[in-house]
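There are 2 protein chains.
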Amino acid sequence: MIVEIISVGTEILLGNIVNTNAAYLAEKCAGLGLSCYYQDVVGDNEERLTDVLKTALSRADILLLSGGLGPTQDDLTKEVTAKVLGKNMYLHEPSKEAIAAYFQKKRMEITDNNWKQAMVPEGCIVIDNPNGTAPGIIIEENGKHVVLMPGPPNEMIPMFENAVMPYLNTLEPGIIYSQTIKICGIGESKAESMIEDLIDAQTNPTIATYAKTGEVHLRVTAKAEDEKEAKKLLKPVIKELKSRFGNHIYTTQEDVTLEKAVVDLLLANDLTVSTVESCTGGMLAARLINVSGVSEVFKTGYITYSNKSKRKIIGVKKAMLQKYGAVSPEVAKEMAKGGALFAKSDVAVGITGIAGPDGGSDEKPVGLVYIACSVCGRVSVKECHFSGNRAKVRESSVAAALSLMRESILAYYSEVTFGSKKS
Amino acid sequence: MIVEIISVGTEILLGNIVNTNAAYLAEKCAGLGLSCYYQDVVGDNEERLTDVLKTALSRADILLLSGGLGPTQDDLTKEVTAKVLGKNMYLHEPSKEAIAAYFQKKRMEITDNNWKQAMVPEGCIVIDNPNGTAPGIIIEENGKHVVLMPGPPNEMIPMFENAVMPYLNTLEPGIIYSQTIKICGIGESKAESMIEDLIDAQTNPTIATYAKTGEVHLRVTAKAEDEKEAKKLLKPVIKELKSRFGNHIYTTQEDVTLEKAVVDLLLANDLTVSTVESCTGGMLAARLINVSGVSEVFKTGYITYSNKSKRKIIGVKKAMLQKYGAVSPEVAKEMAKGGALFAKSDVAVGITGIAGPDGGSDEKPVGLVYIACSVCGRVSVKECHFSGNRAKVRESSVAAALSLMRESILAYYSEVTFGSKKS
Numbered sequence: 066m067i068v069e070i071i072s073v074g075t076e077i078l079l080g081n082i083v084n085t086n087a088a089y090l091a092e093k094c095a096g097l098g099l100s101c102y103y104q105d106v107v108g109d110n111e112e113r114l115t116d117v118l119k120t121a122l123s124r125a126d127i128l129l130l131s132g133g134l135g136p137t138q139d140d141l142t143k144e145v146t147a148k149v150l151g152k153n154m155y156l157h158e159p160s161k162e163a164i165a166a167y168f169q170k171k172r173m174e175i176t177d178n179n180w181k182q183a184m185v186p187e188g189c190i191v192i193d194n195p196n197g198t199a200p201g202i203i204i205e206e207n208g209k210h211v212v213l214m215p216g217p218p219n220e221m222i223p224m225f226e227n228a229v230m231p232y233l234n235t236l237e238p239g240i241i242y243s244q245t246i247k248i249c250g251i252g253e254s255k256a257e258s259m260i261e262d263l264i265d266a267q268t269n270p271t272i273a274t275y276a277k278t279g280e281v282h283l284r285v286t287a288k289a290e291d292e293k294e295a296k297k298l299l300k301p302v303i304k305e306l307k308s309r310f311g312n313h314i315y316t317t318q319e320d321v322t323l324e325k326a327v328v329d330l331l332l333a334n335d336l337t338v339s340t341v342e343s344c345t346g347g348m349l350a351a352r353l354i355n356v357s358g359v360s361e362v363f364k365t366g367y368i369t370y371s372n373k374s375k376r377k378i379i380g381v382k383k384a385m386l387q388k389y390g391a392v393s394p395e396v397a398k399e400m401a402k403g404g405a406l407f408a409k410s411d412v413a414v415g416i417t418g419i420a421g422p423d424g425g426s427d428e429k430p431v432g433l434v435y436i437a438c439s440v441c442g443r444v445s446v447k448e449c450h451f452s453g454n455r456a457k458v459r460e461s462s463v464a465a466a467l468s469l470m471r472e473s474i475l476a477y478y479s480e481v482t483f484g485s486k487k488s
Numbered sequence: 066m067i068v069e070i071i072s073v074g075t076e077i078l079l080g081n082i083v084n085t086n087a088a089y090l091a092e093k094c095a096g097l098g099l100s101c102y103y104q105d106v107v108g109d110n111e112e113r114l115t116d117v118l119k120t121a122l123s124r125a126d127i128l129l130l131s132g133g134l135g136p137t138q139d140d141l142t143k144e145v146t147a148k149v150l151g152k153n154m155y156l157h158e159p160s161k162e163a164i165a166a167y168f169q170k171k172r173m174e175i176t177d178n179n180w181k182q183a184m185v186p187e188g189c190i191v192i193d194n195p196n197g198t199a200p201g202i203i204i205e206e207n208g209k210h211v212v213l214m215p216g217p218p219n220e221m222i223p224m225f226e227n228a229v230m231p232y233l234n235t236l237e238p239g240i241i242y243s244q245t246i247k248i249c250g251i252g253e254s255k256a257e258s259m260i261e262d263l264i265d266a267q268t269n270p271t272i273a274t275y276a277k278t279g280e281v282h283l284r285v286t287a288k289a290e291d292e293k294e295a296k297k298l299l300k301p302v303i304k305e306l307k308s309r310f311g312n313h314i315y316t317t318q319e320d321v322t323l324e325k326a327v328v329d330l331l332l333a334n335d336l337t338v339s340t341v342e343s344c345t346g347g348m349l350a351a352r353l354i355n356v357s358g359v360s361e362v363f364k365t366g367y368i369t370y371s372n373k374s375k376r377k378i379i380g381v382k383k384a385m386l387q388k389y390g391a392v393s394p395e396v397a398k399e400m401a402k403g404g405a406l407f408a409k410s411d412v413a414v415g416i417t418g419i420a421g422p423d424g425g426s427d428e429k430p431v432g433l434v435y436i437a438c439s440v441c442g443r444v445s446v447k448e449c450h451f452s453g454n455r456a457k458v459r460e461s462s463v464a465a466a467l468s469l470m471r472e473s474i475l476a477y478y479s480e481v482t483f484g485s486k487k488s
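Protein chains in written order, with our numbering: chain C, 66 to 488; chain R, 66 to 488.
For reference, chain C alone in the conformation it holds in the complex (with noise of 0.2 angstroms):
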């Protein structure tokens, strides 16, 4: 089935804020298994939103749209909508009694107009929504499927995992399963290649590749009659792709990001961490902080920019910075080695780089970043050579220094498993 996403929203228009809602929804319908041709961004404006719905209803099965749900009088999606399609609306009691509970809740006052929110289309389909005001719709009408969501991502991407989601899962007979595999420590292009013998052949089950900073995500998606026969179809893809791809998946799972496979590491084998950074300046622990519990296994970050820091907080020595540059492999396994001494942690990381726009030469570039990780005393260091400008580099470090971690970790407890393990 064909799809049209149309985001409503005149703060969009006048590019107060990025369309991040597109993108979600373009993903999501896409693991769905159904086709997006056409994505529309219109503002809070009767004539042109009813052009827009017209447009999109007569090359579209099934229209998501978000934004333009509130309470206001410029909010007219929902209005527009049933007018389009010829429906008179009526006050939903649930909606009336859930939104008079979300007020009480949060100790504020009702206003009139929030009662306009739960006003809805006659035959719809209301969803609850517990993250705001505004119920979600669904309307179906001539074969058509029209989902109306409030803009606010925090609100329309549960309502679209929860509600949305499953019922778009019945509107074709079988169903789309996916199963997302990341990979980390291979370049897209690379990871392409190693695949591109299962992509050409593909039918069905399919598999997309999406490049991320530093990592790679495969997308495998069957269809089928149900979950388990859709599994099934899955089983030897997935098999298949994890032998290819070996140590370099972190998680098979959708919610688990890389700074979190490493906590997750960590805690699994009850290591202590600690961040030695340059010229990320804590994006390193920055990620590994946005995963919540991991204060178990955090010590401390140092952030030691310039050269006298470098020596004075994690003693790196004078001599050492002066022969080799503050950017390089050895002073990188300094920062790593001060970093677990003085926080004394099991694991530790230091970064020294070359951000730009400044800072390169012909010998050191910028763009030129050394990574060290030291696991219970053993270190190895990582040279990378990033493109971009100053933020995009310092973003393709901290994933390369996760995946140096993860990498590291992995290392180290295999020999000393197989009894082999270096000094």
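By construction, these hints were calculated from the structure, which means they are not laboratory data. In this text the structure is predicted, and so the values were computed from the model without any measurement.
FRET-style restraints, in silico, Cβ to Cβ:
{"no.": "1", "chain 1": "C", "residue 1": "Gly358", "chain 2": "R", "residue 2": "Lys429", "range": "16 to 24 angstroms"}
{"no.": "2", "chain 1": "C", "residue 1": "Glu174", "chain 2": "R", "residue 2": "Lys277", "range": "22 to 30 angstroms"}
{"no.": "3", "chain 1": "R", "residue 1": "Glu428", "chain 2": "C", "residue 2": "Lys304", "range": "49 to 57 angstroms"}
{"no.": "4", "chain 1": "C", "residue 1": "Glu111", "chain 2": "R", "residue 2": "Ala276", "range": "19 to 27 angstroms"}
{"no.": "5", "chain 1": "R", "residue 1": "Ala456", "chain 2": "C", "residue 2": "Met259", "range": "27 to 35 angstroms"}
{"no.": "6", "chain 1": "R", "residue 1": "Glu174", "chain 2": "C", "residue 2": "Arg443", "range": "40 to 48 angstroms"}
{"no.": "7", "chain 1": "R", "residue 1": "Lys373", "chain 2": "C", "residue 2": "Ser100", "range": "50 to 58 angstroms"}
{"no.": "8", "chain 1": "C", "residue 1": "Ala266", "chain 2": "R", "residue 2": "Glu174", "range": "24 to 32 angstroms"}
We put the beta carbon where it would ideally sit given N, CA and C, even for glycine.
Chain C is already provided as a structure; the job is to place chain R on it using the hints.
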């Protein structure tokens, strides 16, 4: 005039990338006084792109397209646009030479399909692309202006700023001239209420507010015969805004970020800085280190997420942690003092708070954050209550910390100057 923003690319339709180009162009167009009623996203597909172009030509004066100018057969924005506008294509020699030079500089081999990028519609304006191989193109036909730009933001943005924006400025008699005023330490609704009378009474210049995390940007836009006249119109409005917002204005320059303003203030006063972060886990340091040239002022950053780390690394007393708890104004102050002491810096910031989702209580709910700033021994502390998820609370904390740093430094010097310095 009316502008329509069209993004071409299957990767946007699949949700593989977020459409930041549209947000960028929309904000710029608003600044140019152009009205944007629709944004569209369409894939690399002849029939559907034709459809979008025809619709846009029927309702807008200016079409801004980005994407689909690459060398492969998939990329057909230029070819389809030429066809819709009835233009033949020819080989544009200067573009061919530029492409050859680009490949030579990058020491890459040219493949035959690259010459496709030097083909342009007859009668068009060709825009040089120093950051890639796809030239930009402007076609004028029947009073319509169609602008084609490459998709990668690092090619599109400089091309828009250097060539497209000046071109758009010539389309209407007179010019549009904008100035941005960036404010911190005041929320959006408060900022709006402080200038409600100005916004209500506005005709030319106009004032628009843009809410960013922890900041508000005001854009004042004048329409006039020439730049001199526009500046004359802006002057009294800017003066009035300056008198209303005073020291809360941290810059009137488009390209100065809050972290840059803080670093500039540190540089101007010959002050060094250190950071001690708990819940933000390095994000404040990372933002300061966004600023190229920060090495002059940044001494050391400490990430002391655990109580143990707060005690051992920066000397917060155990008794104090027990008496007040880690999230308290007292501990925030000790963190700032400890940072100044151990890093030997003039300015130091301590941040401690509950970012969630866990760890909140009735007394200390999720979103409660204390930020302390020490300037040459004088410490001030701020209690903040942020809403949103873990990432949002942390982001808001960092913005508030930058704002407090600025305030504290300014207050310190104003009091030193007027002889009323407190201990």
